[in-house]
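Asks: Each chain, letter by letter, is given below.
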Amino acid sequence: MSKIQRFWYSGMLSTEDWWAVWLGLAFFSLGLLTLLGIDLVGWIAYPSKWVFNMPEGAISKKIVTIDKAFYALGGKYSLTARDTYQSLGPIGSILVTYIIFTIATVTGAYFQKWDVKRYFIGWTFIFFLTYLVWFIGHHAFFAASAVDLKRSHFPAMFTLSLGGGASFILALMAGLIIGNFFKPLARYLSEAAKPEWFIKTAIVFLGVKVGYLPIKAAATSEKIGHALADLTLDLFIAGAAATIVAYLIFWPGVYTISRLIFKLPRKTAAVLASAISICGVSAAVATGGAVRARPVVSIMVSSLVVVYAVIELVILPGVFTHIWPGIKDPMVAGAAMGMAVKTDGADAAAGELLDEFMRAKMDETSNGTVIWPEGIITVSAVMTKIWIDMFIGLWAFLLAMIWVYKIERQEGEKVPFSEVWFRFPKFVLGYFIAWFVYLGIFFGPGHGGSAEGMSVLKAAEAGAVPVEKGMRKLFFMLTFMSLGIITDFKKLAEAQFSKMIWVYFIALFFFIIPVASIIAYLFHHGMTLPNMATPGSALLGG
Amino acid sequence: MTQENNTDFGSLNTEDLDTSSVLEGAEEWSPIETKLVVGSFIAAGIALIIGLIIVPTSILH
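If you're matching them up, the sequences are chains A and B in order.
Under the working numbering, think of the first position of the first sequence as 1, with each following residue one higher.
Under the working numbering, think of the first position of the second sequence as 1001, with each following residue one higher.
If you are wondering where the hints come from, they were derived from the structure by calculation, not from laboratory data.
Keep in mind that a hint or two might mislead.
[To be verified] Below 30 Å or equal to it, Euclidean Cα-Cα: the simulated BS3-like pairs (lysine-lysine) are:
1. A:Lys361 to A:Lys62
2. B:Lys1035 to A:Lys406
3. A:Lys473 to B:Lys1035
4. A:Lys76 to A:Lys61
5. B:Lys1035 to A:Lys499
6. B:Lys1035 to A:Lys414
[Unchecked claim] Only part of the chain A face toward chain B is listed, based on derived beta-carbon distances under 7 Å:
7. Ile237
8. Ala238
9. Ala241
10. Leu248
11. Ile249
12. Thr256
13. Val404
14. Lys406
15. Glu408
16. Leu522
17. Phe523
[What the hints assert, rightly or not] Incomplete in silico selection of chain A near chain B, CB under 7 Å:
18. Lys117
19. Arg266
20. His525
21. Met527
Note that beta-carbon positions come from the ideal geometry of N, C-alpha and C, so glycine has one too.
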């Protein structure tokens, strides 16, 4: 274990993990102030699907004109400052968003001892490029579905129907272009391109989303609100069971493939097995520390994790939506995604894509009669990943003990239990706090969505939506952009670790993904989503 | 971010990629590794059976 003396609070001001908690909980807390009638989060700029000019007879409903391509979410949802936020307009809301998140993230960069000037310049570039891509990705050609066109009284026209997923793909592509064709720029931007930080923050915001889902549904019907609260708790339990089983199959399977087929040394095989089977970078780093592998192993494996995560991100949402399991089993698809896609960023992003694809397909297949709530499929993908993340610390601890006491047999060496805490992914704490607080509001002062609690739930909604919708998606977009910027395919090719590339490829596509799909099916098959289009019927659409 | 920080806390970074080989010199497969792998698979089987029984959304319910 590390010889650096550490305390339980070590890293609270200096690690990405903790800063994701601080950033996430800071805006979550600001959102809660709407319960007191104070709205401090409605400024966040959010895109609409847009066209340059409205066709004759069309109405601004699901699709608007270019001058309304962005709006402050508070202008729509705030109960106390709607006029103020509406007056910001598209440019004003983007600038306010920039100023507030610049202050927040630069503060984080300062405490994490990054080069603040370089971070500030890089952040500014990435922020505005992200908003530009977000804007382009919401053009009706990319984002509008046939149902959107119909609701806005548009004439029939060809669109890609990708929903918000188009923006994620474009952000990743823009980042990859910078990372692979403008390398000096990418190197400069790398100080601010922090996909792990951005996604961990987004996952804390996702906690708000999970807690808010029943509140949102209650606005449609009390019955649907309860159905969603139950569904998220079901996902919590099923995700835990699936993850434990997957863990215990994945790791020894990949370790055996690495050792017996590819003849890798034990430590390298252990790090690789953790990375491919558990949770990418964090697991590779934790296992590398636990078994005392050379740091380069963790770094090489981490690079592979990023590349394969991007490949999975591009392939799996489409495969799960259109080939198997499709819209018949969206929760199976989400849970399998969480177990198969490594890195929190790529998984949550892939879950988000899957969510967009599945809802768009169901919307289109049912001709708008079945509308699934946004975000619940993402939640199913993230839930298994969250459990996996929580077990990283425990797994690293077990491996450390096995290595110390069994494999390497170092006499007299002790592994402190505090190692579990040090390896525990702290951002998970933020996720659970945000989730349980909003769930507490729903079942407590919100009276489970009944009429007497509706005023409290409306006030909670005004603070939750800007965080769970605007800020969460912004940080997903930043993650995609950053992931692309730091991915240098040529550098990986030069590193001559083709053997590792093949281990990863075979283990991932011929072992991890099939096994993940089977386990997800065993624990999630038949879970249904509420139909938001039909208030009276809670569990249609599945 | 330094390499030490990477090892301690982890962050995606493709810089400082050392190409020196850590892929050679594989040790012989030892009995303890067999125990580790087989034990893990057995534990997975037990966890699967318990999980399928107690989780309300599993295919057994």
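Asks: Work down the list of hints and note, for each, if the structure agrees.
Replies: The hints, checked one at a time:
{"no.": "1", "hint": "A:Lys361 to A:Lys62", "result": "holds (17 Å)"}
{"no.": "2", "hint": "B:Lys1035 to A:Lys406", "result": "holds (11 Å)"}
{"no.": "3", "hint": "A:Lys473 to B:Lys1035", "result": "violated (45 Å)"}
{"no.": "4", "hint": "A:Lys76 to A:Lys61", "result": "holds (13 Å)"}
{"no.": "5", "hint": "B:Lys1035 to A:Lys499", "result": "holds (26 Å)"}
{"no.": "6", "hint": "B:Lys1035 to A:Lys414", "result": "holds (22 Å)"}
{"no.": "7", "hint": "Ile237", "result": "holds (6 Å)"}
{"no.": "8", "hint": "Ala238", "result": "holds (5 Å)"}
{"no.": "9", "hint": "Ala241", "result": "holds (4 Å)"}
{"no.": "10", "hint": "Leu248", "result": "holds (3 Å)"}
{"no.": "11", "hint": "Ile249", "result": "holds (5 Å)"}
{"no.": "12", "hint": "Thr256", "result": "holds (6 Å)"}
{"no.": "13", "hint": "Val404", "result": "violated (12 Å)"}
{"no.": "14", "hint": "Lys406", "result": "holds (5 Å)"}
{"no.": "15", "hint": "Glu408", "result": "violated (10 Å)"}
{"no.": "16", "hint": "Leu522", "result": "holds (6 Å)"}
{"no.": "17", "hint": "Phe523", "result": "holds (5 Å)"}
{"no.": "18", "hint": "Lys117", "result": "violated (16 Å)"}
{"no.": "19", "hint": "Arg266", "result": "holds (6 Å)"}
{"no.": "20", "hint": "His525", "result": "holds (5 Å)"}
{"no.": "21", "hint": "Met527", "result": "holds (5 Å)"}
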